[in-house]
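Since the structure of chain A is provided, determine the placement of chain B on it from the hints.
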Amino acid sequence: MTDEVFHPGLVLIVGALVLPSVRGALRTAAVLLLPLVALLLVWQTPEGAVQIRFLDYTLTPLHSDKLSRLFATIFALMAAGGGLFALGQKNRLELPAAFVYAGSAIGVALAGDLVTLFVFWELMAIGSTLVLWSAGSNKSYRASLRYLMIHLLGGMTLFAGITGHIAQTGSVDFTRMVLDSPAQWLILIGFLVNAGAPPLSAWLPDAYPEASWSGTVFLSAFTTKAAVYVLLRGFPGTELLIWVGLIMVFYGIIYALLENDMRRILAYSIVNQVGFMVAGIGIGTEMALNGAAAHAFTHIIYKALLLMSAGSVLYMTNRRKCSELGGLFHSMPVTTICGIIGALAISSFPLTSGFVSKSMISEAAADGHLLTVWLLLTAASAGVFLHAGIKFPWFVFFHRDSGLRPADPPPSMRWAMIFFAVLCIAIGIWVEPLYGLLPYAVKFEPYTWAHVVTQLQLLLFSGLAFFVLLPYLQRTLTITLDTDWVWRTVLPAMAALMKRAIGALQAISGHGAQRARSLALTLVDSHYGVDSNFARTWSTRGMALWVLVLLLGYLVLYYI
Amino acid sequence: MDKTHWLDEPRHVKLLWRLFLGILVLVVVIGALIPLHPHFDLESLFGFYAWFGFIACAVMILVAKGLALLIKRPDTYYRERND
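Protein chains in written order, with our numbering: chain A, 1 to 560; chain B, 1001 to 1083.
One chain only, chain A, in its complex shape:
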């Protein structure tokens, strides 16, 4: 192993620090080239580990195998696509912040030890908070503070877990863990917070849609998928994760069905999709883990594509509610078609990327004869088409005509969408390159007649259900309460109550203290005041007498 290996993540992070100082063509070049350099370096990094000594530990800041390379690759690719999409972003903080965010996600994927992992993990939280912050509105500022609060909480939990784990095992290596003590539980909880698992899942739909038109594209990709990566490496086959994943899957569907904000629909569907991956990790067979890893890869692309099309609509119309949109296909053909391709991919339509990845997870459940799990996953697949596959494009681009006739967005945004749309289809048709990247050998053939026909039955009849039950899905100007209600309403109310209580206590005790102080002052004054016993002038005779008494007393005590 040579020492002249550059860390691909650091290229993006250091590049991000330079980015604010360059302008014009140089900036464009830097934005497009930095992720590609990082991608190249990911592939230049030989399998194995680079180790350094730090304090008492041997750290492995750079560790590469198939799994880490898969995630580092998609993170770099995402930074490239997102960078292209965000070229026109006027805010000068967002892109550098996004590159720090992407670079630290790559750092997580390539971290061989828990200390390095934690450092990059927290750097991701900072990068993403800055992305959110740079949207510049009061709403996004408040959302970024709530977001940061949850992630610092998750980070603290993870830190406590890592410390405990190192104390127990004496090793900082990041390998497969077993839930046999509180330390590993804390690590798992820290990971799950970032994955968007219940009960704290509300941070995701609360924060992501408040970013700018380009910011949400970046946010959708890294945090949750880095969490999927660490779960894949740290806790494969942990049965609990099957159920956590299934809860996430249905939570995402139900909330997305009720949602009106187009980007919140897509945010809920991130939780839904990550749920499939978490369930796959819980199943834990080679097929399931391959499926979860592949699904993370394809998901990043089509979710970014969906949010790019939503971002384009937001950019051109400045509207984000489904109830105010509709009929945009008239004037935004590129955005509409790219949005539909993303929607088909997330729904796992045959010939799209989602089909070749998600079907592996279902197949793994079937192979393991997990009937309940398989039925729920199948029902959820139908639900994905319902809440993201049709609902998003239908209400935004079709439905009733809102009368809006915005043009397609500027070229950089169009090309970013086309790039990712082509990837969605290409991966769906030529499966070999993706399957070759997966951690285990793939023994799965997605394109059999049985797979294609059953999947089409499932999806098309879900589509029928959507249109038959459309009257029940009409958009209203509402939100649905989530667990963030606790920290947006209950906790502030409790804090206000406590402040009042403390204030009252202070008022009471303040009154008492004042009385005590004046009492003390009177006492002091009576003894040490101008005419008090201690302050008045005493005669020398009297003083000498008292000194004599004291000395005699001392003499007596000495002899006793």
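The reader is advised that the hints may include incorrect statements.
[Claimed, not checked] Here are some chain A residues pointing at chain B (derived, C-beta under 10 Å):
id	residue
1	K90
2	A160
3	L258
4	E363
5	A365
6	L371
7	F385
8	A465
9	T476
No lab work stands behind these hints, which were simulated from the structure alone. All of these numbers come straight from a predicted model, not from anything done at the bench. We put the beta carbon where it would ideally sit given N, CA and C, even for glycine.
Structure of chain B alone, referenced to chain A:
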């Protein structure tokens, strides 16, 4: 700016609907003809994926509507409280 799109005409929308229903029938018929290599007995039932998908979606929509009765709020809910 185009005047009327091909899709704006009800005649064409009707055509698309017929096409869609035709495809629905087609996939169920093909599904009944080819071997599906089922893992579970359930899968062998006629048109399992079709009716299961439809019912699953209907149930999810009903659950969502039920939940909405309890926890749906105007979208100004937090704005009024926080700002």
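Each hint, compared with the structure:
1. Taking 10 Å as the C-beta cut-off, the interface hint given for K90(A) is violated, the closest approach to chain B being about 25 Å.
2. Below 10 Å, beta-carbon pairs count as interface contacts, and A160(A) has none with chain B, the closest being about 31 Å; its hint is therefore violated.
3. Residue-level restraint check for L258(A) holds (minimum Cβ-Cβ distance to chain B is 5 Å; threshold 10 Å).
4. At about 9 Å, the closest approach between the beta carbon of E363(A) and any beta carbon in chain B falls short of 10 Å, and the interface hint on this residue holds.
5. Restraint check, A365(A) versus chain B: the minimum CB separation of about 9 Å is within 10 Å; hint holds.
6. Using the Cβ-Cβ criterion of 10 Å, the hint placing L371(A) at the interface with chain B is satisfied: the shortest such distance is roughly 6 Å.
7. For F385(A), the interface hint holds, since its Cβ comes within 10 Å of a Cβ in chain B; the closest pair sits about 8 Å apart.
8. Proximity of A465(A) to chain B holds as hinted, the smallest CB-CB distance being about 4 Å (cut-off 10 Å).
9. Residue-level restraint check for T476(A) holds (minimum Cβ-Cβ distance to chain B is 8 Å; threshold 10 Å).
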